[in-house]
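Participant: So the chains spell out like this:
There are 2 protein chains.
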Amino acid sequence: MKHVYLFEEGSRDMKDLLGGKGANLAEMTKIGIPVPPGFTITTEVCKIFCDEGNYPSAFADQLGLKIRELEEKMGKKLGDASDPLLVSVRSGAAVSMPGMMDTVLNLGLNDETVKGLAEKSGSHRFALDCYRRFIQMFGDVVMEVSHDKFEEALTAKKKEAGVESDTDLNANDLKELVEEFKEIILDNKGVSFPTNPLEQLKYSIEAVFKSWGNPRAVTYRKLNGIVGLPGTAVNVQAMVFGNMGLESGTGVAFTRDPSTGEKEFFGEFLMNAQGEDVVAGTRTPNPISELKTERPHIYNELFEFQEKLEKHYKDMQDLEFTIEDGKLWLLQTRNGKRTTQSAVKIACDMYDEGLITKEEALMMVDANQLGQLLHPQISPNANADSVARGLPASPGAASGRVVFTADDAHEWASRDEKVILVRKETSPEDIHGMYAASGILTSQGGMTSHAAVVCRGMGKCCVAGASDIMVNAKGKKIVIGDTVINEGDVITLNGTKGEVYLGEVATVEPKVSGDFGRLMEWADQVRKMEVRTNADAPEDCKVALKFGAEGIGLCRTEHMFFDEERIHIVRKMILSKDDEVRAKALAELMPFQRDDFVGIFKVMEARPVVVRLLDPPLHEFLPEDAGIISRLAEELGYKVGEIKAIISNLHEVNPMLGHRGCRLGITYPDIYEMQVEAICEAAISVSRDCEFDVNVEIEIPLVSEANELKILRKVVEEKISEFGNRINFNYKIGTMIELPRACLTADQIARHADFFSFGTNDLTQTTYGISRDDLGKFIPSYIDKGVFQADPMEGIDLDGVGKLMKICVELARKDDPSFEIGICGEQGGESNSVKFCKKIGLNYVSCSPYRIPVARLAAAQAEIVNA
Amino acid sequence: MKHVYLFEEGSRDMKDLLGGKGANLAEMTKIGIPVPPGFTITTEVCKIFCDEGNYPSAFADQLGLKIRELEEKMGKKLGDASDPLLVSVRSGAAVSMPGMMDTVLNLGLNDETVKGLAEKSGSHRFALDCYRRFIQMFGDVVMEVSHDKFEEALTAKKKEAGVESDTDLNANDLKELVEEFKEIILDNKGVSFPTNPLEQLKYSIEAVFKSWGNPRAVTYRKLNGIVGLPGTAVNVQAMVFGNMGLESGTGVAFTRDPSTGEKEFFGEFLMNAQGEDVVAGTRTPNPISELKTERPHIYNELFEFQEKLEKHYKDMQDLEFTIEDGKLWLLQTRNGKRTTQSAVKIACDMYDEGLITKEEALMMVDANQLGQLLHPQISPNANADSVARGLPASPGAASGRVVFTADDAHEWASRDEKVILVRKETSPEDIHGMYAASGILTSQGGMTSHAAVVCRGMGKCCVAGASDIMVNAKGKKIVIGDTVINEGDVITLNGTKGEVYLGEVATVEPKVSGDFGRLMEWADQVRKMEVRTNADAPEDCKVALKFGAEGIGLCRTEHMFFDEERIHIVRKMILSKDDEVRAKALAELMPFQRDDFVGIFKVMEARPVVVRLLDPPLHEFLPEDAGIISRLAEELGYKVGEIKAIISNLHEVNPMLGHRGCRLGITYPDIYEMQVEAICEAAISVSRDCEFDVNVEIEIPLVSEANELKILRKVVEEKISEFGNRINFNYKIGTMIELPRACLTADQIARHADFFSFGTNDLTQTTYGISRDDLGKFIPSYIDKGVFQADPMEGIDLDGVGKLMKICVELARKDDPSFEIGICGEQGGESNSVKFCKKIGLNYVSCSPYRIPVARLAAAQAEIVNA
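First to last, the protein sequences are chains A and B.
Heads up: the first sequence runs through residues 117 to 983, numbered per the working numbering.
Heads up: the second sequence runs through residues 117 to 983, numbered per the working numbering.
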């Protein structure tokens, strides 16, 4: 097996083997860009080294051969005292992990070769500067001597010499420094700095390989979801020197502006410097435009190369270059990171320039980041320090005065105060306060807690589960360590990052440019999977349609019960002593629900609307307020003690796994009958009065066993049949698939269903055995320790939840391959999840209105990838 | 297809097609037992009739043919006015459903044929008695006229005639009654009673088929878990008459005593009667011994037949016979129902008699019922009416005075009072009271609620989830409708049936006979699957060993924390402000846990002991008592408000899905480290002092992701490695599989485990999305409506949970087919579940001590069935 590749032997397609840097160095070499010669040791060698602790048997010979080939090409030899070959040793995995792994520059220097370098370069000072840099870097990276020790010695030397900058140290200072650095190594490690260049190389390669497994790199991969890579490649490359004098320099550049996407060559450079000086920030680099004025021929060459590279790679490039004594060398090219806004612009511009196809343009934008374009954001210029961190539950930014109850939020907001509602956790009773607030902050709950889900639905900024704040609602204050925030104090939330700031912090309204709209149109042309929205009210539906929703994938009917006028009736219904009172309460509720549905159907027109029948446990509707309780007791003819006992009896130990969903429908079929009646009345009247027929899909929640659906389907059908030939709309009856058992018995359940819709929030909770309301207590620790790479509620867990979904789809479509299956969990608006949904053949994804563009783009990308 | 079989054409192997009764009539015919001739219409005809509403096309012709064959054989014809053939029409499915479906006797009579019958039998009275019986039965069963109407007319007639008994009515009375019965039918149905015998037969067959779907039959099948049957067969058989005079009679008999199992021919008979008279109880039947004295030749013949049948069927038989004018006919034989005690005795006796093999003996006892032999039971002679019903959570019976707190239970019991502890639900804090009480009654919680699990573990009677009782612990009373039970009142619990009685009800101590021991020995010879116990204390272990446990499959370490002395330390550990206090508390706890393990290891000797590390959420350990809270605040340096806030912050919305199990291990590794230290110290000292080496399996609970186990395995291993070469015992490190995701990613998890153990309690809860603590609210309704056939916690749900288990076993053993997998959920002691565990290849089942004999027998039966 070939373990080492000259740059001439590789290409951009070999990223897995040569790493991103190595593959791109090879590609540049191939297309005639000036790259200092070198070779790449493959990622497979790293894997074997890390797994087994030693190298493949053929490696040493191959390495020796490539060194000799490099020496021949350069006409220089490692360790040659008169004209030494110096090399850099750089890491580079298949996926970029900037700054995470180790690099050694100027390798090959020792007390002998430094003299040769001095002679050849004509500068003692330069040669000694390289030498001290090498010892410093080798000592830090390879020999693991603390970086600080060298920096201390350097600082002392500058003081001693009475100079400010490293560049002001003279040859003698540097010579002394070299000796001091050597001693630092000897003192700290008990061994001398190795003088043999081959030994230096061997140790450096090992150090790079080992850096693959350092905690920083491991954490980085975890945080960024980088899995399945064998290891890092190692690039050994002839040194070119940006620090060889005033005609030398180094810089970085982007082929377009990474912030705005403008087609404008963009970058910075420093003369007489090595790359690390730019990074370290000790000297301020100059904008690339100055290079154009000062050294136009170099600028022109660089400009030509960047144009060539962008055209070749068909993407915006991020370049590193070095000028050695007037000659331009390129050291790296890669696809440049960019803001979402610029990604959209670049994709559209490149399509207009004829550089890429629509499909390529669509693939160029990270779907998950699209949400950033739809919410106001904390200004990038704001210099605010966060006082607490939580989960970035709903993106955007909001400032306002702190209040602690939904009623206060409502009241203050009605006085035109902007407020932030702060709760331990929110519940459906808080909805009116959540509508009134500019943002929501909770100390408990995860990415799919009530607060998070509702806020994303409303497009409202939310920081959830900020576990280091103590919410004292009674005392109307928040305590964060020593900081106390009282009612009325102004705070600012950053829902995009999950941060909380004191006072008001400036925000910006991002522009949703025309390019965004074009990209969305292209996505719609390409995608085949439908995109629906989760929406419970006509206003939400309008927002969703604006963002491109093609139907409602989940309309939760319970939110309709929380209106002040209605909740009292709901409570009477739940607590009634006899069937008559109960039936009366249900009859009172019906017109409210009917009118809600009329509103929704009118907005959605003929688009499909999935209406989920009552889902949450009944106790969620019950009051805690003593006054309300006594009023109810009086109206229903109870003693207060009795009604309290009934309410307490409705309490559940694990309400998520309790008496809810279709279990309510089985025990209280009259509730579902009322809801179906309301749906029918509404659909009949809208279909009659408008120019379209309503398409409603009646959804039974939380089915775990086919009999549940069989019985409730009959309840629904019988209610519908009461309308006889008044039925003038289209309907289906189906179920939400949100429990493992429903997936495992999907064939049995499908016999009684016209459609399925995955409720991946609950499915994830039960598959993992994790409550989204409680995970805040251990998820931070889980992410820190790398147990989970992310909150499991964020995207579909392919290993577990995804496997169940696949089983479900296969079973459900055993007899009818066209059986309709969608998804309405929050994950329906997460890019990777959408792609998975396409892969297993779902008909649609449904998500909160503000996630719809994400879903549209992800669905298009899935189509392109599958094709 | 053949739809109708003469008895000569069938055999006992054709139960599925001919039903149990039909197959046995055929078999008796085959082996020369006198059976009135007849034929059987198959269960498939029933299925087609029920599904499609009409008969298979060939059916009518086949039926006609068989009727003619029967007529020829009998030398009589249906409807022949001079010598009519009369027949019975009886249902009979493959599984016996006694009394659930319909029967019509004396079919073929009308105003003409009754005369022929009178002439041929020489008795007008007899013929008219048959006629009125026929009209009555036909009217009730086929024409659906209320039974009561006929009974009223009969009673009136007896009054009019001035007689007591039906048999005292004379021919004239009966003639009048026949006319009255006909009028009842006409009045109630508007149509006349059909006189054509073929029409009578057609309607009767239809009625039997329809009775397959009557609610009574459907419910019976649901309650008894009878599924997958096509329908009932119909047996049409020439009538023989037990009511033809003083030389006629009818009776039922068992080949052995069904209560005790004694080998003694056992039965009852009535002369001059039809079978319904015996059943109706209007006349008291005589013991079979009287037949021996009165009609020895008939007795001898019957005795000979019963011997022949028992030998032929190799099982205790339940017979029906009729004597017609001195001739003995057998009308039915089937395997007799028996008590568990008699089942054990019969199995052993039959083996000793050389009638059956050990394997057949083992198959003859229902494993699930074995538990009955191990607990005191409500006396079968007690005539107590239950005042409330709950779930039969832990079998047995107990009487005592009602108390409402664990402390009261403890205190009263220490005064030698027998008490019943009544709670809404129990928690680990109640353990001392549960130990002290004779029985436990709860108003909430299911078959695997805390109360249920702990009681079964203790072998203590428990009725759980008695939802119609209102427990008012403050007021120290129970309210059940109008009944109030106060503290100190005596009640009796029947944990076998789930019933509650007022006052003390007599109980009996069943004898665990020597036969039981023999059967267990045979089971151990046959079974290959190991049987372990779930036990947390040396006393439980001793009981378990007595019942045959071969190891501990689950030792829960948290129960060890609830002792009064320890709970305070545990609380300090949880609530401590700084790591030092916390570490000190853990160090204080260690010796307690160590000593617990020493006790257990000493009892279990070298047997494997699975020790589960801490599992429940921490808040379960925290106090609610204000006094305790202030003491803790003082000791730990908090303000009371602060400590209350911390305690409230530990509260979870869904604790079952919260911060528990290995999630605690990840966030607080020091707890697990302390536990491992205690295990090691204990195992080292016991292995050193005794003649065996301890075998401990350290189990990490609630793993949903391989990384959790990977990290915690390292924690455990590092702690063990601290003991260096002091380790003188054997250990494994593994995990409990109790979440769907663990099953779905079992291959990944198995890489870090030496063993798996299914925790099917939690696995069932998460697969169904049902909390065992909350299911009481809807499960009764679910069972009533046939959604579930039983509480899903009772046995492994093969369609859902079982499928996950199968996936898990396959994935886990992909690389290592010998990978150890067991089960420790309560289902490990349920017969069908044990059989399923064998089928998927588990190494052992583990259950509470009192279920061990069930598991041993079920494991043996599984082996026999698989072979």
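Rather than coming from a laboratory, the hints here were simulated on the basis of the structure.
One or more hints might be untrue.
The list treats identical chains as one, so a pair stands whether inside a single copy or across any two.
What the hints assert, rightly or not - Simulated crosslink set (DSS-like; lysine-lysine; CA at most 30 Å straight-line): (1) K305 to K919; (2) K901 to K830; (3) K338 to K951; (4) K430 to K919; (5) K275 to K291; (6) K662 to K590.
On a predicted model such as this, the values are computed, not experimentally measured, just so you know.
Participant: Within a copy, between copies, both or neither: where do K901 and K830 come within 30 Å Cα-Cα?
Facilitator: Between copies, since 13 Å is at most 30 Å while 50 Å is not.
Participant: Reference check for the pair K275 and K291, CA-CA at most 30 Å: within, between, both, or neither?
Facilitator: For K275 and K291, the Cα distance is within 30 Å only inside one copy (16 Å; across copies 135 Å).
Participant: Is the C-alpha distance from K430 to K919 at most 30 Å within one copy, between copies, in both cases, or in neither?
Facilitator: For K430 and K919, neither the intra-copy (36 Å) nor the inter-copy (49 Å) Cα distance is at most 30 Å.
Participant: Can you tell me if K305 and K919 fall within 30 Å by alpha carbon in one copy, between copies, both or neither?
Facilitator: neither (52 Å within a copy, 59 Å between copies)
Participant: If the cutoff is 30 Å on CA atoms, where do K662 and K590 land: within, between, both or neither? Let me know, please.
Facilitator: Neither way: K662 and K590 sit 41 Å apart in one copy and 58 Å across, limit 30 Å.
Participant: At most 30 Å between C-alpha atoms: does K338 with K951 qualify within a copy, between copies, both, or neither?
Facilitator: Cα proximity of K338 and K951: one copy only (21 Å, versus 43 Å across).
In this structure, the earlier hints numbered 1, 4 and 6 are contradicted, and the remaining ones agree with it.
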